[in-house]
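Chemist: All chains should be built: construct the whole structure from the sequences, respecting the hints.
Protein chains in written order, with our numbering: chain H, 1 to 611; chain S, 1001 to 1611.
One or more hints might be untrue.
What the hints assert, rightly or not - Not close to chain S: a few residues of chain H, all C-beta gaps over 10 Å, as computed:
1) M54
2) P69
3) N148
4) S193
5) A197
6) G278
7) G405
8) V460
9) I464
10) A471
11) P478
12) G493
13) F597
What the hints assert, rightly or not - Below are the DSS-like pairs computed for lysine-lysine, each with C-alpha atoms no more than 27 Å apart in a straight line:
14) K552/H / K599/H
15) K1599/S / K1480/S
16) K532/H / K1472/S
17) K532/H / K1480/S
18) K462/H / K598/H
19) K1529/S / K1540/S
20) K1472/S / K611/H
21) K480/H / K1462/S
22) K611/H / K598/H
23) K1532/S / K472/H
24) K532/H / K1462/S
25) K1472/S / K1598/S
26) K611/H / K480/H
27) K462/H / K1532/S
28) K1611/S / K599/H
29) K472/H / K454/H
30) K611/H / K1540/S
No wet-lab data here; the hints were simulated from the structure.
The beta-carbon is built from N, C-alpha and C at its ideal position, and this holds for glycine as well.
There are 2 protein chains.
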Amino acid sequence: MDENIFQLTKRTLVGTPIPNSEASHQRLSKKKALATFSSDALSSVAYATEEILMVLMLAGAAALQYSIPISLAIITLLVVVYISYRQTIYAYPSGGGAYIVARENLGEWAGLTAAAALLTDYVLTVAVSVAAGIAALTSAFPSLEYHNVLLCLVSIFALTVMNLRGIKESATIFALPTYAFIIGVFAMLGLGSYELANGTFTHIVPSTLAIQKPLTVFLLLRAFSSGCTAMTGVEAVSNGIPVFQHPESRNAAITLLVMVFILSGMFFGITFLSHYHGIVPTESETVISQLARSVFGTSRMYYFIQFSTMGILILAANTSYADFPRLSSILAQDRFLPRQFASQGDRLVFSNGILILGALSGLLIILFQASTHALIPLYAVGVFLSFTLSQTGMVKHWLIEHKPGWLGRSAINATGALATGVVTLVFTITKFSHGAWIIIIIIPLFIYGFRIIKAHYIDVGKQITLAGVDAKALIHSPVKHAVVLPISGIHRGLFDALEYARTIGVDVRALYVELDAEQVDWVQREWSKWVKGVPLFVLKSPYRSVISPILKYIEDVRDVEHCDIVTVIIPEFVPASWWQNLLHNQTAFLLRAALTFKKNVVVTSIRYHLK
Amino acid sequence: MDENIFQLTKRTLVGTPIPNSEASHQRLSKKKALATFSSDALSSVAYATEEILMVLMLAGAAALQYSIPISLAIITLLVVVYISYRQTIYAYPSGGGAYIVARENLGEWAGLTAAAALLTDYVLTVAVSVAAGIAALTSAFPSLEYHNVLLCLVSIFALTVMNLRGIKESATIFALPTYAFIIGVFAMLGLGSYELANGTFTHIVPSTLAIQKPLTVFLLLRAFSSGCTAMTGVEAVSNGIPVFQHPESRNAAITLLVMVFILSGMFFGITFLSHYHGIVPTESETVISQLARSVFGTSRMYYFIQFSTMGILILAANTSYADFPRLSSILAQDRFLPRQFASQGDRLVFSNGILILGALSGLLIILFQASTHALIPLYAVGVFLSFTLSQTGMVKHWLIEHKPGWLGRSAINATGALATGVVTLVFTITKFSHGAWIIIIIIPLFIYGFRIIKAHYIDVGKQITLAGVDAKALIHSPVKHAVVLPISGIHRGLFDALEYARTIGVDVRALYVELDAEQVDWVQREWSKWVKGVPLFVLKSPYRSVISPILKYIEDVRDVEHCDIVTVIIPEFVPASWWQNLLHNQTAFLLRAALTFKKNVVVTSIRYHLK
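Modeler: Structure follows, in structure tokens:
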């Protein structure tokens, strides 16, 4: 098979096909799984502290100290969620995403709500992470700030291509920046804490800030909500259990524990040190960048932190590239999404889901001009909604299963459900006017879409089922078949079509529409000279339309002569260059358009290739 | 035949078809012809004086007096052109457009240059006239100025629809505003002149203007060039001779004379009175509007002038709607434009040319934001270029014909050619940097396009001619024909396709691609249960592609089994709503795309309609 330019580009970008027989080898070790599934969660620390401080600073410099108790509250919540999810991993070894857990235990509506929440959040994860990653870069090199939208789009393109290549290669590439980030941040926290403890560094108090809002409970809750973005991505492990090596559940649970540990340490450390270094968020430089500059100066270590932050953030988007297509595929198998999302491409990945994710997140980047702060309020509503549904589902799961220990287990999940449910509410209320309302609108639209797609497939299934059909009623051959060949003149391009017409039928008629009376005699003479055995019918056209008389004739053959099927053979020229198409086949195109949906009429183009 | 929504809209806007037998009735009386063909020329007076004054005012208020000698020079030129064109009308009774005259006498290059010049100018006529017409409206109602682009586009749409209805109806509609404009302007000129002669009105001298440029010969020539836009449209009559009533040439010549008389009178009168009323062009109000306000006050007569000016200007575009499609049709018959421009629509008008003209002029309105002053420098280069070519062609015509009186006749046309040739040069030089350069680029591009289109048609003609072909070599039946039917499952939608496959061939094979080993047994069992006499081939797909194994199989049938033709029957679902197409036929679409250009493979869709 000769490859065309599209196929060649695909092979170059995406790689050669991987056969089915290699499918089982595509499993991940714990270290690679940590890199693949934790980049989203860990990278959240790059912006979570900043989002807390941005809210608190509205109430003046003194309010910034509340970042420390808020971060501790978030870590407590994280631990509750970890314990809750650990149970899910063991209960659903084949992948316990919120959709599956909610649907199995709470029914279709809850499942679809979780699915809608997750899909929107996967798209937002890509947009937020990439935008924050590029912000890390522009903090270090302010001259690039003007190009941030372009840089984000290039990153999304690169991620999309990498993921189309397949997950094993991804894990290898992605391990490096994740571990670099962990090392870099802990080095920074270590040196910073040492200097503080040692007394070589003393607390910097930021200069007074204009107080724009009073320090109310609402403001503290809003800061807490913003900080909860640190927890986004924690659910990734429980979705991806099947790609862990054996024993899958145990390996996944260990990976999740390690991840929660690292995440808590980094998040608290950054918040704590930022406070003592008196860091206040600004438009042009991220909090992490300011902190790294304060600890290391603008040294090599500073650039290491910035590059690894950018690296892990851009790769964090990869969690979504693993989960979005997988969830789409599950939804498509359940017929809530179009069928083409269900099938794996020739590199053992769900290509359609990957492409859609890339397109949607690119769109968000353009709409929100790559601003992390503008995107954050949309983010995390969905995450916490799916946390809540998933854990509520687990409570139901234990109640139904009723095995030993069910009481304790359901209590743990109930605590998780309650905590995340309250946070979902807090998030919705405090962030509503900043953008959360968009999500409140989008999620029901998704659910509506899922349901009409399913309803359609069920309806079609009923229409085309063979159950209860009499086999004899299906075929009524022999049929009365007429072949019609409209011609515009007598030339070489006609004879392939004529030959084909004779091949597929016995009753073949050529049609010629009379537009110019002088031409008719010549055409009839030429026809009888060149063609034997096929009658030529000349159709009058008082209104100079070429299409209408042909349509009328075909309808008469079908309805008056009672032919069961009329095949219309349309001779078409295939020019050597695309623009030459404008010079040919206009009538063929119109005729095809007019005939396509006529009952019992089959349209077939026979192409004559021009040089 | 049941009409669809498109056809219904077309009938409502355009009217019912007119049969060929009514073609000869579509002729115009002199009065209607004057309205149809003179609106372009006459309406030019609405902006020609203003364009002269806009150049002169650069040299200060005192320079404005030169408008009077400049307008007299332009009228002299107009008379020369009239005498010259009068000869063309008698020499070419079947329509003496610049293209025909130049091509017949000066050869293909000159003809194509004239054609390119005319086509660009027809588009510009529509854009300039409509923009100036809307300027007349916004002069009277300044609050509408903000919407001028929209108003222009609506006018172009209305014109396009009217012209698709056909020319006789057009003439009836168009007579009214043309005659209203003539009456209104002469009433204004009459009252203005009477007041001047009577002494009830005395010369107003405009207050001093900033002198931006010295009063050089170049500036005077630039003012003259700008004023020459008054002459655009004069050639319309000679293009349209065949639609005049018998005797065509004589009626056309009389119409042209009347038109030149009226045009000269209005143009000189407006220029003269504008000078005595001390009118200086401004951004927000046209010169005609200022003059009418000065003569009549803001009375009913003022609004009558403004509305009739708007009316004739918008209808002036109609000259192009008559000529552009007609010239396109002639060019298409000569194979310099795609064939579809050659044929008349079902209302006896050249629909394709009308639609293209509407689209292009709408585009110009958007690009130049409906500014007459921005469009004017592009205008008239083409008109004068085609004047020159046409009259040079006439000189050659008389020289070749060599009938009695040839010397005098060729001297007249030579004078016309020389005069308009000089003006073309002056125009190009003085307006070059203001936009004329665009036309200098576009005209050669048009000529290039004409020539490659013709070269393509000639090449195709050679490829498909039957001259010298042996009749026996054209048909080699019986052919070896295989029919292939790819299936994705066993359901009701399949049986129409199966029946059709059996109708058109004896060697029918069904293909099933194995993606899931568990499905294969079930499909084979169902197949043998429901279908008799057609073998089912199961194709392996190690890379999970549905398309590749089918392509490979078809190529083998063709190349290894040596079938002459392989027909691939693709069963497709036709859903009830358009959006449901997204849920079906993805594979059918890809398969069709992969097969369409394969040699000796014919692709036929059999549609199964869903409810």
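Chemist: Mind listing which of the numbered hints don't hold for this structure, in increasing order?
Modeler: 8, 9, 10, 11, 12, 13, 21, 22, 26, 29 and 30
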